[in-house]
Amino acid sequence: MASVSRMTRFAVIAASVAVVAAACGGSKSDDKKDASGGSGGALTGRGPITLATGKDTSGNLQNLVNTWNQQHPKEQARIIELPEDADAQRQQMVQNAQTKSNAYSVLNLDVVNTAEFAANRWIAQLPKDQFDLSKFLPAAVKTGEYRNNLYAAPWKTDSGLLYYRKDQLDKAGIKEPPKTWAEMQQDCSKIKGFNCYAGQFEKYEGLTVNFSEAVNSAGGQVVDDSGKPNVNTPQAKQGLDFLVNGFKSGMIPKEAISFKEEESRRAFEKGNLLFYRQWPYAYALSNKKGDSKVVDKFAVAPLPGLNGPGAPTLGGHNLAISQFAPNKATALDFIKYLTSEQTERANLIASSEAPTLASLYDDPELQKKFPYLPTLKASLLNAKPRPQVVRYNDVTTAIEEAAYSALTGKSTTDQALADLQNKLGQLITP
Amino acid sequence: MTTTTAEPGTVAPVKQKKKSDVQGSGRLAAILLSPTFLVLALVVGYPLIDALRESLYQKNQGLDANGFVVSGDKFVGLKNYTDILTGANSHAFWNAFYNTTFFTVVGVIIETILGVAMALIMHQAFRGRGFVRASILVPWAIPTAVSALLWRWVFQADGVANAIIGHQILWTTEGFHAKVAVLIADTWKTAPFVGLLVLAGLQLIPAEVYEAAKVDGAGTWYTFRKITLPLIKPVLLVAVLFRLLDVLRFFDLPFVLIGAHKDSVNTLSMLAYDEANNLRYGPAAAYATILFVYVALVAYAFVKLLGADIIGDARARKKSTPSKRAKKGSRTIREATA
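Chains A and B, in that order, give the protein sequences. In case it helps, the working numbering puts the first sequence at residues 824 to 1253. In case it helps, the working numbering puts the second sequence at residues 17 to 354.
No lab work stands behind these hints: they were computed from the structure. It is possible that part of the hints are untrue.
[To be verified] Just some of the chain A residues that point at chain B, by a computed CB distance under 7 Å:
| # | residue |
| --- | --- |
| 1 | N943 |
| 2 | R944 |
| 3 | Q948 |
| 4 | R970 |
| 5 | N972 |
| 6 | E1078 |
| 7 | S1081 |
| 8 | D1217 |
| 9 | T1252 |
[As the list claims (entries may be wrong)] Incomplete in silico selection of chain B near chain A, CB under 8 Å:
| # | residue |
| --- | --- |
| 10 | G83 |
| 11 | F84 |
| 12 | G144 |
| 13 | L166 |
| 14 | Q172 |
| 15 | A173 |
| 16 | Q184 |
| 17 | L186 |
| 18 | T188 |
| 19 | T189 |
| 20 | E190 |
| 21 | G275 |
| 22 | H277 |
| 23 | K278 |
| 24 | L295 |
Computed from a predicted model, the values in this text were never measured in an experiment. Glycine included, each C-beta is placed from N, C-alpha and C at the ideal position.
Kindly produce the complete structure, drawing on both the sequences and the hints.
And the structure:
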């Protein structure tokens, strides 16, 4: 007995020591390689590539890839589907980068992740001169940049819109949707029996979006142009106060604190919400006959602001090339193909996903099919990206924390913003 | 484990066997078991030790002049642990520690009581018993993340829960109600597990014992306390231990039902996940190690104090007399026929 256990104990320890030693050795040599691998380097190599993307809800991505594959039989592209959840997508891409795997060539990257991936040298710098960036929406281009270098090409974009009950406004004799928060409140006071306004205020990424929108629409900035946090300002306070007072006065129904996109869409479709902030995707869904009670009764407008049109938050996805992928030249061509006018047009028609090329929004034929395109373009020209910071996850958590505690009355607006400024100061290294 | 391999050869007196066997079969056993230990070392030992090692390091978070992350880990000793326990964010840890303990204590007590009640019902002979048993098991069969989504539907602002109580509670917002929501969903899911294990224990109790109690004039409550409970104790303790270990690692239900970063339901696992998700593997490993130690301590205390003697069972079996073993045999036969 005794000898057995001693022996096994020895075996266990010996085995684990060997494994640990191997692991340590491995990671050390990896670090060295990482240190030498710079950001520069030409995008060379041709051959098969992959596109790592979140679950394709549009159903059209495979068609786009098929078209490419027909034209490039020797440089076939293959879709690797990642989970639908944005957080899980990022996680898989990060893991892939940390093991320096060459499994992903082109990354379909959420706009908020560009800085993190660029700063960690996980994605390759793109040649700015090979993209006609002036044709793209300027705000969308900005989301693909880190320190003025292009790391990801703008592919799909998104921005918040004001959905409103056109039928009720017409009935009350209101001709135009509100341009300011005050106008919106006035409109609400004229129409009885409705909740006035809602957005996405649950403690998640959507709250960061809604908070940034409020701050930007009041003329403030979460992070200023030089990259420094700037939330402890009168403008930011006015923005946050709009939401806080909205909850206090009942302008925003109190259950909105638990709203994500789908909850708010359901509330609007139930028919007792006059205005709400939502992404364009809900347009088609709310017009679908069935559960929705607002079919053909609503329209969209740019978000209102404090003293004029608001500044919506920019969403969307960009295309980047993994630093660890072979065949980077093919990957670059593939990105150019996906962001070309022809492809973006085809994709808009097939999937109604908002393109990044400005000209498509002015196309009368497309406008006929998607009546909200001019509104969306007006919104997008005003849109502001969320903070472009390396530690975005920590930053958005801090923003959620501050906004949520102010909205639930746990802390005052002043306190929440002062705390947030302090927190962001620690998280953002200029 | 090693003793069972030696058992078939119990012809010679024990003492003699021990002396003569140590050289031969002991070494053989070690050789035969070494693949098992190797696998265990790989899948259990290595991750544990590596997590421990990782928890002593911190990743560089600084940027160089061009805005690139300075790569590489640096050894920081126990700093990750002291940061967690006493640093600026220690309130997050203690809050999560409290939540974890709260869910464990309150949840397991409720689940145990309900589980035993379920088992007693399922044990009764009545029509449609098979159907009831199967349906009680459905919650346990549903993946936790899915059941969390189901419960989120129930607990949303215009959901079933609020319709039933006729009063709007925003369950998924911060506050004690969030804990209640998690407890309800967890109980719904795991009480059947306790119930099923206890039912197995109930089926092992011979009917004669109850008949004897009846003859002696014992009441229902007295019978339950003096006969049923002691006889299902071993099974019940195993069930409770499993639940304890499970709830201490609580993650998916609060994460999906209530959401991340909510102080009311943040657990230790969620903190570890969050750190790892933000690429701070050192602190994440430290959280995980603390949780591991906590789980190990609770399990040890539970086994010591209440005598949930899982390993000891095997020891006792080895020592048990032939008559006892025979009894056990008849029991298993009964079990098989039941």
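Results for each hint:
Hint status for N943 (chain A): holds, given a least beta-carbon distance of 5 Å to chain B, under 7 Å. This hint holds: R944 (chain A) has a C-beta 6 Å from the nearest C-beta of chain B, less than the 7 Å allowed. Because the closest C-beta pair between Q948 (chain A) and chain B is about 11 Å apart, greater than 7 Å, the hint is violated. Checking R970 (chain A) against chain B by beta carbon gives a least distance of about 5 Å; that is within 7 Å, so the hint holds.
Restraint check, N972 (chain A) versus chain B: the minimum CB separation of about 9 Å is more than 7 Å; hint violated. A least Cβ separation of about 3 Å between E1078 (chain A) and chain B falls short of the 7 Å threshold, and the interface hint therefore holds. Interface hint at S1081 (chain A): satisfied, since its Cβ lies 5 Å from the closest Cβ of chain B, which is below the 7 Å cut-off. The closest approach between the C-beta of D1217 (chain A) and any C-beta of chain B is roughly 6 Å, which is under the 7 Å cut-off, so the hint is satisfied.
Interface restraint check: T1252 (chain A) against chain B, minimum CB-CB distance 5 Å, threshold 7 Å, status holds. Taking 8 Å as the C-beta cut-off, the interface hint given for G83 (chain B) holds, the closest approach to chain A being about 5 Å. Checking F84 (chain B) against chain A by beta carbon gives a least distance of about 6 Å; that is within 8 Å, so the hint holds. With 8 Å as the threshold, the beta carbon of G144 (chain B) stays out of range of chain A, its nearest partner Cβ sitting at about 36 Å, so the hint is violated.
The criterion of a C-beta within 8 Å of any C-beta in chain A is not met by L166 (chain B), whose closest approach is roughly 15 Å, and the hint is violated. Interface restraint check: Q172 (chain B) against chain A, minimum CB-CB distance 7 Å, threshold 8 Å, status holds. For the restraint placing A173 (chain B) at the interface with chain A, the shortest Cβ-Cβ distance is roughly 3 Å, inside the 8 Å limit, so the hint holds. The beta carbon of Q184 (chain B) comes within 7 Å of a beta carbon in chain A, closer than 8 Å, and the hint placing it at the interface holds.
For L186 (chain B), the interface hint holds, the least distance from its beta-carbon to any beta-carbon of chain A being 5 Å, beneath 8 Å. For T188 (chain B), the interface hint holds, the least distance from its beta-carbon to any beta-carbon of chain A being 5 Å, beneath 8 Å. Look at T189 (chain B): its Cβ gets to within about 6 Å of chain A, closer than 8 Å, so that hint holds up. With its C-beta approaching chain A no nearer than about 6 Å, E190 (chain B) sits inside the 8 Å limit, and its interface hint holds.
With a cut of 8 Å, the hint placing G275 (chain B) at the interface with chain A holds, because the nearest CB-to-CB distance is about 6 Å. Nearest Cβ of chain A to the Cβ of H277 (chain B): about 6 Å, under the 8 Å cut. The hint holds. For K278 (chain B), the interface hint holds, since its Cβ comes within 8 Å of a Cβ in chain A; the closest pair sits about 6 Å apart. The restraint placing L295 (chain B) at the interface with chain A holds, with a minimum CB-CB distance near 7 Å, inside the 8 Å limit.
Taken one by one, the earlier hints fail for this structure at numbers 3, 5, 12 and 13, listed in ascending order.
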